[in-house]
Structure formats: structure tokens, C-alpha cells
Amino acid sequence: MRAELDVRVGGRFRASFSTDDGEYHQVGGVYREVVPNEKLAFSWAWHSTPERESLVTVSLKPDGAGTLLTLRHELFFDQAAADGHNNGWTGSLDKLEQYIA
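Going by numbering that gives the first Met the number 0, 53 is the number at position 54 of the sequence shown; the sequence numbering is gapless.
Do not take every clue at face value.
Unchecked claim - With a Cα cut of at most 30 Å, we get these calculated DSS-like pairs of lysine-lysine: (1) Lys60 <-> Lys94; (2) Lys60 <-> Lys38; (3) Lys94 <-> Lys38.
For the record, the hints were derived by calculation from the structure and aren't laboratory data.
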């Protein structure tokens, strides 16, 4: 994976990666809200379909000895896009959970 991040309101990000099946992807967007240690909101659009912009919001809250991460991805082009992103985020968050466990 490769990522370029300018984490500030109005800043841009771009990430590129290959999936296990060898397919290459590029995604990017603009940060809309940045609250350190609490919240990030940013637009999300694949390089191949820049007109299909959606919105991702990640919130962090203290939870006992840990942190509760809430990810909301919305404003999809269609249900198929929503389903695909749900699968992708679920897999990514499962990997994150294993990594920090």
C-alpha cells in the first residue's frame, strides 16, 4: 500500500493498493473535518470513477481501557457500491483488530 496524506480541513489524501487477487486500486478525497484524537470526515472516490464521491466518517471515543472506533461510510452511488465497501471495510477492520490485539 502507498498513501499520501495532508490531514487538515481541505487537505487531500490518495492511497493505492493491490488486492490479494492482484487487482490495483487508487482512491482519494478531501478532508472535511479533523478533530485530533476524536474524528475524521473525508470524501472518498475511486480514481476510476471520480464522479461517484461518497463520505467516510471515523469517530474515536474512550471505552474503558480501550477505544471505540465507529466508521460510517455513506452517500453511495448505488447499493452494489455500498455492499462492496461494507465488505472492504469489514475485512480491513478485522485485520486492524488482529494487528492491535
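Consistency of the hints with the structure:
no., hint, verdict
1, Lys60 <-> Lys94, "holds (20 Å)"
2, Lys60 <-> Lys38, "holds (9 Å)"
3, Lys94 <-> Lys38, "holds (21 Å)"
Every hint from the earlier list agrees with this structure, and none is contradicted.
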